[in-house]
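Line by line, the protein sequences are chains S and H. So in this note's numbering, the last spot in the first sequence is 166, and the numbers never skip. So in this note's numbering, the last spot in the second sequence is 420, and the numbers never skip.
Keep in mind the hints are simulated off the structure, nothing from the lab. Here the structure is a predicted model, which means the values were calculated and not measured. Certain hints may be false.
[Stated by the list, open to error] Derived list of chain H stretches under chain S, where covered just means 3 residues or more per stretch with a C-beta under 8 Å from a C-beta of chain S: (1) 43 to 54; (2) 68 to 75; (3) 116 to 130; (4) 149 to 156; (5) 183 to 196; (6) 361 to 374; (7) 387 to 397.
[As the list claims (entries may be wrong)] Keeping only pairs whose Cα atoms sit at most 25 Å apart, straight-line, the calculated BS3-like set for lysine-lysine is: (8) S:Lys84 to S:Lys47; (9) H:Lys393 to S:Lys8; (10) H:Lys393 to S:Lys47; (11) S:Lys150 to H:Lys53; (12) H:Lys80 to H:Lys44; (13) H:Lys243 to H:Lys53; (14) H:Lys8 to H:Lys282; (15) H:Lys393 to H:Lys282; (16) H:Lys44 to H:Lys74; (17) H:Lys44 to S:Lys150; (18) H:Lys44 to H:Lys8; (19) H:Lys80 to H:Lys53.
[Unchecked claim] Beyond 12 Å from chain S on every Cβ pair, some chain H residues (computed): (20) Gly138; (21) Arg169; (22) Arg241; (23) Ala285; (24) Ile290; (25) Met417.
The C-beta atom is built at its ideal place from N, Cα and C for all residues, glycine as well.
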Amino acid sequence: MIRGRAWKFGDHIDTDVIIPARYLNTSDPGELARHCMEDADPQFASKVRSGDVIVAGENFGCGSSREHAPIAIKAAGVACVVAKSFARIFYRNAFNTGLPIVECPEGVEAIQDGDEVEVDLERGVVRDITRGEEYPFVPIPPFMQELLSKGGLLEYVRERMSSSAG
Amino acid sequence: MAMTMAEKILADHAGFEEVAPGQIVNARVDIVLGNDVTAPIAIKAFRELGAEKVFDSERVVLVPDHFTPNKDIKSAQQCKVLREFAREQGLVHYFEVGQMGIEHALLPEQGIVVPGDLVVGADSHTCTYGALGAFATGVGSTDLAAAMILGELWFRVPESMLFIYYGHRGEYVTGKDYVLHTIGLIGVDGARYRAMEFTGEAITALPMDERFTMSNMAIEAGGKAGLIAPDQVTLEYVRPRAKRPWKVYESDPGASYVEALEIDVSRLIPVVALPHLPENVKPVAEVGEIPIDQVVIGSCTNGRITDLRQAAQVLKGRKVHPYVRLIIIPATQEIYRQAMEEGLFEIFVEAGAAVSTPTCGPCLGGHMGVLAEGERAVATTNRNFVGRMGHPKSEVYLSNPYVAAASAIAGRIVHPMEVL
Chain S
1 MIRGRAWKFG DHIDTDVIIP ARYLNTSDPG ELARHCMEDA DPQFASKVRS GDVIVAGENF
61 GCGSSREHAP IAIKAAGVAC VVAKSFARIF YRNAFNTGLP IVECPEGVEA IQDGDEVEVD
121 LERGVVRDIT RGEEYPFVPI PPFMQELLSK GGLLEYVRER MSSSAG
Chain H
1 MAMTMAEKIL ADHAGFEEVA PGQIVNARVD IVLGNDVTAP IAIKAFRELG AEKVFDSERV
61 VLVPDHFTPN KDIKSAQQCK VLREFAREQG LVHYFEVGQM GIEHALLPEQ GIVVPGDLVV
121 GADSHTCTYG ALGAFATGVG STDLAAAMIL GELWFRVPES MLFIYYGHRG EYVTGKDYVL
181 HTIGLIGVDG ARYRAMEFTG EAITALPMDE RFTMSNMAIE AGGKAGLIAP DQVTLEYVRP
241 RAKRPWKVYE SDPGASYVEA LEIDVSRLIP VVALPHLPEN VKPVAEVGEI PIDQVVIGSC
301 TNGRITDLRQ AAQVLKGRKV HPYVRLIIIP ATQEIYRQAM EEGLFEIFVE AGAAVSTPTC
361 GPCLGGHMGV LAEGERAVAT TNRNFVGRMG HPKSEVYLSN PYVAAASAIA GRIVHPMEVL
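With the rest of the complex left out, here is chain H:
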């Protein structure tokens, strides 16, 4: 029977020749991930169950990235729970502040997740690793506890949806625009419980960083995973990093999809998602006069080197609008050093931006840029829900890094061409 890559990965990890959508399987997981918000509850369950050892100290990964560097005493306590657990269990992949990065940028970069993996993470953006050709999905803390102990978890094999991107993209159009446009088309529950598979010549032409952006936002359409079959670009990224052997899975010709959509990227222009749902997508040119107070460039969605270069391209030799606070957050220490070496920080600081150590911070209204009542931000992050970045009466507009940087200069939401 012809299978999709999602089905193949689940079948292999469950020890079956084949699986079909709707089937429940118990499957071995390759990597299990938790952070400073979700892992403390899992560790508590781990203790209550009387478990002594995690199933594999090389495969349970803890990253304190949400409220770190510790924003307050309570956050410090939560991180302490992770730290002590990591030391007690001898976890190989625990990342302290100074090595820490935003988990979904960090794990691929460090070669911890590789193509063909089955990954569960107690963070909804775990789907990011789909860009490597891994089946990766978000779970809660109790599922995390179970997976940390047993090294396996139950899964319902999802139906797959195919998204074919073709054509050549225009200037300032990025993977972020592809995925926002897609969410705008199908809605925030358009792929609920389903595996999304991104394919086509426009995906082949996309650099790894922008592929991560796309897979990252599969959850914003309700997707269980956001897969891209590995190709040359993937393997060039993986080869120097991988800590383990990998396996390339591709969907069979004739595999069945509940839906297939074709998207001509040559017709796309930079878009923004208006408050308060990622599906409220509009071309930048159509949003009208919207003054802003803050811009955040970073997060597991768009805090990689490609994103910082795009921002720098716009910011170079220009100044941030006096009414705007621009916060730029490289997602990992490696990206941070790379940006520093490439001279991007010089450009950012000259422009009047604040550059931060890696943290999820402002994306979820945690710290490092919380919004006041009535304030409005443009962010390269993933969610614009009510109160997401601070006060329930604040607003978040999601965009790509070019638009975010240009808007920081203009003081309102603009197309990059307006300032370049």
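For reference, chain S alone in the conformation it holds in the complex:
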């Protein structure tokens, strides 16, 4: 179960804010994590604790295709991103890098910065422990669930490689 502090951000949090391009001369997760969300909150990386949750508005992850964005978020210790909506490439990248993300507009409206929140991926709900309320989130598409059950995209590729070799 994912449980931690909510860090609230607004709409259109772009990938340049998530991980500024000036740090893209490396793909080392630890190094990227140190600069996660730096241009929105320079202290974010030092304040965030393992298991915490980013709660954001519309179009989270818009902009560049850099996979460094979900990598940085995950390596910073963030266990899940809850947003009203996600930009397309970020959505795929988060899925491919194993960063749980959920679309939950109602939850985003209600949750305040600093609230204790829980994300139940199995049951499909986001709980605000501080407020004692819970909000259902939009389930991930069946195709992606299936890919997830196979271990993600790279495992699927591995399977395809071995079947074509055999």
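Since chain S is already given, all that's left is putting chain H on it; use the hints.
Relative to the frame of chain S, chain H by itself:
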């Protein structure tokens, strides 16, 4: 069933007679692209999977263009990863500094992407090739790795949105203004997950370079692709360049669109997008007195020969304002040579501009023109996010090349008429 061109291209590449929006398809890709920022992660995944060969050494393209010529040791290391992989795999289309150009100007120019292609690139501006009538979209590094190995990838067939441009444009109004105006109308997520299709008499009248500018910025509205059906202009561009046969796809009459917008270009005037989102679009005349420190003319959005000619038209016989640094970056070596032969460099250097070798450099705050705290730039690039071009407290204003050049002369954001 009537289909849009986006649906037709995806159907053909997935081996279906027809597809519908929302459907997930596994489709064969024609070209797979990576750069010095995104490919190293993909190559690492490639190795970890124990893959030995890319699916096709003529169809996997690597372009080290972001932090090149290598800006620091770490960037040099990343480029080395690409170089070694390209040599090991015998990649036909790897472009070393000296042949290298900004990927989305380079691939069409070299005839590597052709109409009807399905292209994935680990760069969000891969949508640029939509101007050729190709379905091209940005992906991340893991998807890039999968596509490099399998030569196919899964896609959700997007809903399509139609944008019809009509009327005759006025002076100093370019494809950049069309697309910025459009993003201003629908917002930075107005086309999220959707294919944008640009059509109408004003698109027909647009030269190829300005069409690329429009398709390039589809992603700034959240679009998955930004398509323009091939016509005479497209085919004249493609014919002498194409490395492979191409196929023209057009939307069927009666194809369904989730939304259709009409835009009268005769009513447009040059615009700028104010910080910090490309949707903050205003006519230049309405921005007020905004002094600037730097101007960048270049990028995958506006670094083509048409853009440089537009800048030269304004700069000819004039001087850059003493408080402004003007940096001009031809997007590819071919454009560079062409600009040189046409005498554009003479005009630029006379005006007091710095002319650079091709690089993405300043557009993403990488190098070749990073902004300090509190500095303000006008750029012909595509994004004006917080910290995009340098310090988080710097600002970027997006414009067409005429406005950028004129602003460099005036030292503040102005309509080209103010200096001409």
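Status of each hint after checking the structure:
1. Counting residues of the stretch 43 to 54 of chain H whose CB lies closer than 8 Å to any CB of chain S gives 6, so the stated coverage by that chain holds, three being the minimum.
2. Coverage of the stretch 68 to 75 of chain H by chain S holds in this model, with 4 residues showing a Cβ closer than 8 Å to a Cβ of that chain against a need of three.
3. Given as covered by chain S, the stretch 116 to 130 of chain H passes the check, having 5 residues with a CB less than 8 Å from a CB of that chain where 3 are the minimum.
4. For the stretch 149 to 156 of chain H, the stated coverage by chain S is satisfied: 4 residues place a CB nearer than 8 Å to a CB of that chain, which reaches the threshold of 3.
5. Only when three residues or more bring their CB closer than 8 Å to a CB of chain S does the claim for the stretch 183 to 196 of chain H stand; here the count is 4, and the claim holds.
6. Here's how the stretch 361 to 374 of chain H fares: 4 of its residues keep a CB closer than 8 Å to some CB of chain S, so the rule of at least three is met and the hint holds.
7. For the stretch 387 to 397 of chain H, the assignment as covered by chain S holds, since 4 residues bring a beta-carbon within under 8 Å of that chain's beta-carbons and 3 suffice.
8. Between the alpha carbons of S:Lys84 and S:Lys47 the distance comes to roughly 24 Å, so the proposed pair stays at or under 25 Å and holds.
9. Annotation: proposed proximity of H:Lys393 to S:Lys8 holds, straight-line Cα distance about 21 Å (limit 25 Å).
10. Our distance criterion of 25 Å between C-alpha atoms is met by H:Lys393 and S:Lys47, whose separation comes to about 22 Å.
11. For the proposed pair S:Lys150 and H:Lys53, the alpha carbon gap of about 23 Å is at most 25 Å, so the pair holds.
12. Taking the CA atoms of H:Lys80 and H:Lys44, the gap is near 13 Å; set against the 25 Å cutoff, the hint holds.
13. At most 25 Å may separate the alpha-carbon atoms for a hinted pair to count; H:Lys243 and H:Lys53 meet this at roughly 22 Å.
14. Taking the CA atoms of H:Lys8 and H:Lys282, the gap is about 36 Å. The hint is violated against a cut of 25 Å.
15. Proximity of H:Lys393 to H:Lys282 is assessed by CA-CA distance (about 21 Å); at most 25 Å being required, the pair is judged to hold.
16. Note on H:Lys44 and H:Lys74: the hinted pairing holds, with a Cα-Cα distance of about 16 Å set against a maximum of 25 Å.
17. For the given pair, H:Lys44 sits about 21 Å from S:Lys150 by alpha-carbon distance, which is consistent with the 25 Å threshold.
18. The straight-line distance between the Cα atoms of H:Lys44 and H:Lys8 is roughly 34 Å, outside the 25 Å bound, and the hint therefore fails.
19. A C-alpha spacing of about 19 Å is found between H:Lys80 and H:Lys53, which places the hinted pair at or below 25 Å, so the restraint holds.
20. The claim that H:Gly138 lies off the interface is violated: its Cβ sits roughly 4 Å from the closest Cβ of chain S, which falls inside the 12 Å cut-off.
21. For H:Arg169, the shortest C-beta to C-beta distance to chain S comes to about 29 Å, beyond the 12 Å cut-off, and the non-interface label holds.
22. Chain S leaves H:Arg241 outside its interface by the beta-carbon criterion, the shortest separation being 25 Å against a cut-off of 12 Å.
23. The claim that H:Ala285 is not at the interface with chain S holds, since no C-beta of that chain comes within 12 Å of its own (minimum 27 Å).
24. Every beta carbon of chain S lies more than 12 Å from that of H:Ile290, the smallest distance being close to 22 Å; the non-interface claim holds.
25. Taking the minimum C-beta to C-beta distance to chain S, about 33 Å, the non-interface status of H:Met417 holds against the 12 Å cut.
Violated hints, in rising order: 14, 18, 20; the structure is consistent with all others.
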